[in-house]
Each structure stands twice: as C-alpha cells, then as structure tokens.
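Chains as they are written, first to last, in the working numbering: chain A, 48 to 227; chain B, 18 to 235.
No wet-lab data here; the hints were simulated from the structure. Just to be clear, a hint being listed does not mean it is correct.
[To be verified] Computed list of lysine-lysine pairs in DSS-like fashion (alpha-carbon distance at most 27 Å, straight line): (1) A:K208 with A:K76; (2) A:K204 with B:K135; (3) A:K170 with B:K221; (4) B:K219 with A:K208; (5) A:K214 with B:K69; (6) B:K135 with A:K214; (7) A:K102 with B:K132; (8) B:K204 with A:K171; (9) B:K69 with A:K204; (10) B:K69 with A:K215; (11) A:K204 with B:K221; (12) A:K170 with B:K132; (13) B:K219 with A:K102; (14) B:K217 with A:K204; (15) B:K217 with A:K170; (16) B:K135 with A:K171; (17) A:K86 with B:K69; (18) A:K170 with B:K219; (19) A:K171 with B:K69; (20) A:K49 with A:K86; (21) A:K193 with B:K132; (22) A:K171 with B:K228.
Being a predicted model, the structure only gives us computed values, none of them experimental.
Next come the chains, spelled out residue by residue.
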Amino acid sequence: MKITIVDGSPHKVTDNYFTSNLASALIDKGHHVSLFKAKNMKINYCTGCWSCWWKSPGICMHTDDMPQLYGSYISSDLVIHYSPIIAGFVSSVLKTVNDRSIPLVHPYMALVNGECHHCSRYKKYPLLGLIIDSENDDSDDLELTKDLYARFALNLKSELKYFETTKKPMEELCNEISSI
Amino acid sequence: MKLAVFNGSPRRTNSNSTLLITQFLNGYYGNNTYYSDIHYLAETTKNEEHTKAFEIADNVIVIFPLYTDAMPGQVKLFFENIAQIKAVGKRVGFIVQSGFPEAYHSVFVQRYLEKLAKTCQWNYLGTVIRGGVEGIQMFPKPIQKRLFHHFYCLGKVFCESGKLDKKIIVKLAQPYRFGFLRRNFFKMMIKTGLANFYWKMKLKENNAWDKRFAAPYA
C-alpha cells in the first residue's frame, strides 16, 4: 500500500521521532511510505484567492513546498495525519496543510447524501487516517477532532478510515494500518 | 465595555466576513463612529498584538469563514495563543460563515468553539452560523439587504443586551439542512447549471474554462 504520512507537530521535527518510527515500521511491513514533516517545510497559509479554482484549476498560486505533498497525496492509498491536540484540535500547522487541500477538489457543487459538497477533481482519492499524540486525554476533544476530521474527509472525497492515539503500541498501530 | 473584533478571513478586508461584521458593527454603534479594534488574524506577524487585544477586551467577537470544515489555520493559531492566557469569564462570541448553503456544515466547528470556551473558562456568548455566503456581492439586492439587516440587528441587540440574540441566530442558520423541496430544487439547479453559475462565470472571466477539469497531480 502507498502511504503518505503528514506530521503536523508544531515543533521542528528533530524533537519528535514518532512519525519517523511509524514510517520505518510501515516500510518494514512492505508499504511504500512518504513522510512529510510540515513544520520543516515551507507551507504558506491559504489566502482564499480561489486561483486554484478559477485561474489555474487544480494549481495553487503559492510557490512553496505543497506541490510535492499534493503529488504524494493524490497517488496514495492512505494518508495518515499526525498531530498533538492543541487548544482542542489538531495543530495550526496541520490545519494550514488541510486548508491548502482545496485545489484537490473542484469548485462545482453536487449533492452527496442530501448535502451540498464539492465535486471531485481526481478519479481516485486516498483514505484518511489520523493519529493523535496521547498527551491530551480529554475524551471530548478527541471525539470532536474525530468528528471534524470525518467532515474534512467527506469534503475531500475521502473517508476517515483510521483514528487512534499514540497510546497504542507502535506494533499494533502498524498491524491495524496494514489491515486497512 | 471594550469590544474587540477578530476577523479570521484569509481575505482580510476584501472578504465576506468583513461585509457581515461591518453590518454587525453598524448595528452595534448606530450612527456613531466605531471605536472597536478590528484585528485581521491573517496578519500573522501581529500575533502578539492580537493576543494582547484579546486579553484587554471585555467583549470579544471572532468571525471567520469555514475552511475545510473548521477554522482557517490562522484562526487556529490565534486560538492556540489565547488559550494559553488566563481570561476566566471573558465574554466571547463567534460568527462562522460558509459558502455551503446549509448551516449543518458549520455545526461541528460550533461544537468545537463551545468546548474551547468551556475549557478556557470564557463566558461563551454563542456561535452565529450563516451558510450560502460565497458570492454574496452578486446576490439580488433585496436578499442581500435582508441578510445584512439580520447582522445589523444582531449587533444592535448585542450592544443593548450584551447577548447574541437567539431568535436571530436561528433565522440566520436557515436552511439548517435541505428538506425535500430544497433538495429537489437544488437538483434542478445542478441540472440546469444554475447551481454552479458563479464558478462557471469566474472560470470564463479568467480564461480558465478549458482547464476547468484539470487534474495536474494525477
């Protein structure tokens, strides 16, 4: 399985080895893994210009490191996001990456399960997983984050297929991810 | 009572959030000059200034567009910063506007905002949700006027009572979800192309029509 991991840690990821260990463990299980540590990349905030929808469809006007992530994302079977919970939700670093996913969908609207949603731009989208750093034990925050991510996945033509915390041992995480 | 307004639109002054909050402030101040500070959270170089402004305000209104089903990254950064300061009892209200016609899309972030306020021990004033705001400047004048009037009244009542009026909140959150009639009407709009008229017009205006289904990372 082709897996993209997006590390949304708010710190330069010399401090944090979780996603590096996860990537290594998944590679050992035979997966093809690409790891992106968002804090170590140049990722600008979305400015809401909608250039990616109506000037250069599918292409963001920012010149930064996002294009490599777009390519990996859209060619993956599974994308795993990782973040601590900060102020009740994933980090602003990861939220900024999510905001920049807008070029991956089409501006046109369609009805999905009776709700308005954007249309697909691509034929295939990866499944989505989210692993939360377990420092925060607030079950309400975890539930809210899961719900918000399920909505995010739905609008990104995907499905939140996996949600866990780092409390689970690495071996178990990898086995569960492998079985998706 | 000092009011501070935080506008979380990445488009800053040139945004639908600005149009709506302007109506709110017109209602809040009547014909008087504004003396509220309006802080644009997209100006992330002013993070410390924003945190300080939050700290010294009595009443706070945060308005932002729904971005990928939650708050924009700049607004999340602001929340991370203000969650670290002690502001027990601070009166904080939120306005979330989105391009989706149904309010339901914003209900999840509304739950988040309520929980954030609870965790930080702020006095949560409520969250106003308004859908269908994209393209607001092209709305027929009577519809635009009615929408603006609701925000004007919201600001006026907030000035008089210190509360975000629940009746107006309910009105603004319509449609909550599509019922049978609206769903079928929308299906017809999609079939006739009217549902995507705005996007089609913009694609043509920008000479991007031929590339509208481009998939550059496939």
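Structure-based check of each hint:
A C-alpha spacing of about 19 Å is found between A:K208 and A:K76, which places the hinted pair at or below 27 Å, so the restraint holds. Taking the CA atoms of A:K204 and B:K135, the gap is near 32 Å; set against the 27 Å cutoff, the hint is violated. With a CA separation close to 24 Å, the supplied pair A:K170 and B:K221 stays within the 27 Å bound. A C-alpha spacing of about 35 Å is found between B:K219 and A:K208, which places the hinted pair above 27 Å, so the restraint is violated.
Straight-line distance between C-alpha atoms of A:K214 and B:K69 comes to about 36 Å, which puts the hinted pair past the 27 Å bound. As the CA atoms of B:K135 and A:K214 are separated by approximately 26 Å, the hinted pair is consistent with the 27 Å bound. A C-alpha spacing of about 38 Å is found between A:K102 and B:K132, which places the hinted pair above 27 Å, so the restraint is violated. Of the pairs offered as hints, the one joining B:K204 and A:K171 holds, with about 24 Å between alpha carbons and a cut-off of 27 Å not exceeded.
Between the alpha carbons of B:K69 and A:K204 the distance comes to roughly 40 Å, so the proposed pair goes past 27 Å and is violated. At most 27 Å may separate the alpha-carbon atoms for a hinted pair to count; B:K69 and A:K215 exceed this at roughly 39 Å. Pair hint A:K204 plus B:K221 holds up; C-alpha atoms about 25 Å apart against a cutoff of 27 Å. A distance of roughly 37 Å separates the Cα atoms of A:K170 and B:K132; the hinted pair therefore is violated under the 27 Å criterion.
For the proposed pair B:K219 and A:K102, the alpha carbon gap of about 8 Å is at most 27 Å, so the pair holds. A hinted pair counts as satisfied when its Cα atoms are at most 27 Å apart, and B:K217 with A:K204 qualifies at roughly 21 Å. As the CA atoms of B:K217 and A:K170 are separated by approximately 21 Å, the hinted pair is consistent with the 27 Å bound. In summary, the hint linking B:K135 to A:K171 is not supported, as the alpha carbons are separated by about 40 Å, beyond the 27 Å threshold.
Taking the CA atoms of A:K86 and B:K69, the gap is about 25 Å. The hint holds against a cut of 27 Å. Straight-line distance between C-alpha atoms of A:K170 and B:K219 comes to about 24 Å, which keeps the hinted pair within the 27 Å bound. Note on A:K171 and B:K69: the hinted pairing is violated, with a Cα-Cα distance of about 46 Å set against a maximum of 27 Å. Restraint check for A:K49 and A:K86: the C-alpha separation of about 22 Å stays at or below 27 Å, so the hint holds.
This hinted pair checks out: A:K193 and B:K132 have alpha carbons roughly 14 Å apart, not beyond 27 Å. For the hint linking A:K171 to B:K228, the alpha-carbon distance of about 19 Å falls within 27 Å, and the restraint holds.
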